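**Student:** Taking the hints into account, I'd like the entire structure generated from these sequences.
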Amino acid sequence: MPLTRPDEDLPLPDEAGSAAYCGRCGDALAGGDHERCERLLALEPPRYCGQCRRRMKVQVAPGTWTATCVQHGTVEHSTWS
Amino acid sequence: MTTTAETTTDILDVARAQVLERGEALTQAQIVEVLRTGDDRLADLLALAHEVRMKYQGPSVEVEGIVSLKTGGCPEDCHFCSQSGQFTSPVRSVWLNIPELVRAAKQTAATGASEFCIVAAVRGPDDKLMEQMREGVAAIRAAVDINVAASLGMLSQGQVDDLVDMGVHRYNHNLEAGRSFFPNVVTTHSWEERWETCEMVKESGMELCCGGLVGMGETIEQRAELAADLGRLEPHEVPLNFLNPRPGTPFGDLEPMETNDALRTIAAFRLALPRTILRYAGGRELTLGDLGTRDGLLGGINAVIVGNYLTTLGRDPKEDLALLDDLEMPIRALNETF
Chain A
1 MPLTRPDEDL PLPDEAGSAA YCGRCGDALA GGDHERCERL LALEPPRYCG QCRRRMKVQV
61 APGTWTATCV QHGTVEHSTW S
Chain B
1 MTTTAETTTD ILDVARAQVL ERGEALTQAQ IVEVLRTGDD RLADLLALAH EVRMKYQGPS
61 VEVEGIVSLK TGGCPEDCHF CSQSGQFTSP VRSVWLNIPE LVRAAKQTAA TGASEFCIVA
121 AVRGPDDKLM EQMREGVAAI RAAVDINVAA SLGMLSQGQV DDLVDMGVHR YNHNLEAGRS
181 FFPNVVTTHS WEERWETCEM VKESGMELCC GGLVGMGETI EQRAELAADL GRLEPHEVPL
241 NFLNPRPGTP FGDLEPMETN DALRTIAAFR LALPRTILRY AGGRELTLGD LGTRDGLLGG
301 INAVIVGNYL TTLGRDPKED LALLDDLEMP IRALNETF
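Chains as they are written, first to last, in full-length UniProt numbering: chain A, 1 to 81; chain B, 1 to 338.
No lab work stands behind these hints, which were simulated from the structure alone.
From a predicted model like this one, the values you see are computed outputs, not experimental measurements.
Partner residues are not named here, just some residues of chain B that face chain A (Cβ under 7 Å, in silico):
| # | residue |
| --- | --- |
| 1 | Val-67 |
| 2 | Arg-92 |
| 3 | Glu-285 |
| 4 | Asn-308 |
| 5 | Thr-311 |
Beta carbons: idealized from backbone N, C-alpha and C, even for Gly.
**Tutor:** Below you can see the structure in the form of structure tokens.
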């Protein structure tokens, strides 16, 4: 599935380096301890958009997960090598 | 261990004679005894459970993939589940379309799996969901060589008949917990309602897949009660889930089960269900890790879910398949029976 980006100027929900919010708990990354969240995100997809902390629509399939933020678009990750 | 000249009361000796040699399942009281054995007996317990599995089920392992057709927004209040609409879980409602469903079935079949289970977070299916199932099952059967299973909550007799007509060969409906602990887990429906659906499925000719979760705060006696309840029900398959505490759920703050407790539980369930497929289901990655996963496969488990779960992620199937290869446990072929 191609990634979709409603606004070309906006970063994708999980775009590395630009996230302001934790994908697991939705809290601000700055000033918070999200080490446990990071560890657990190896076993679960993000539920909050890293850019705007909106709850995303997430579909998990046997070998992929897809997360959609209404503002920042859709990302798909393969979880199989 | 206490012995006399004629009898032994050591539970592992009793289990060896009763389960391994005579093929008789442990009683509920005996399951409690097994669950109370110490860590110093764990290796012996797992070895015995493995012998039972090998004698009555053989070395092959049944591999299955699962996918959520309808995620979230469930009206029920199963306290372990992030898909209940009654909790402040971050899981949002979403439906999978038919092409994506077929794609998921193809992904699963590519691992060598013989089973693909379509799951929906509902109390029971409505007409829309049954129509989606009819279309989806037909599309999968036309495109993929794999057995299709379903898990859609509580069923009416008419819905059971419809699923048989669609070609669904196995239906999952878990008891979730022993009868006495169930009201601590679910309040929106009863344990008896679940049992009734299981009985209807058994009588329909579909295979019944029925298991539960452990690590939800139940006592040892209540855990044994679940195993004994399942023994009475005699499902074709028992999926064993370990609680993965989900944010926003009533059980979200519980600690994951200790690894040795989980392994003891696997072995106890095998001794309670010597002729049943015993499947690793959710939570094993968190509770057991890589080493524990291996120990469980050498302690009574003979089926796995590969890849991701409904809302959480699993191990890369290559790791599981490599482990099975290393353990010389062949993947059960389509239509092969234990």
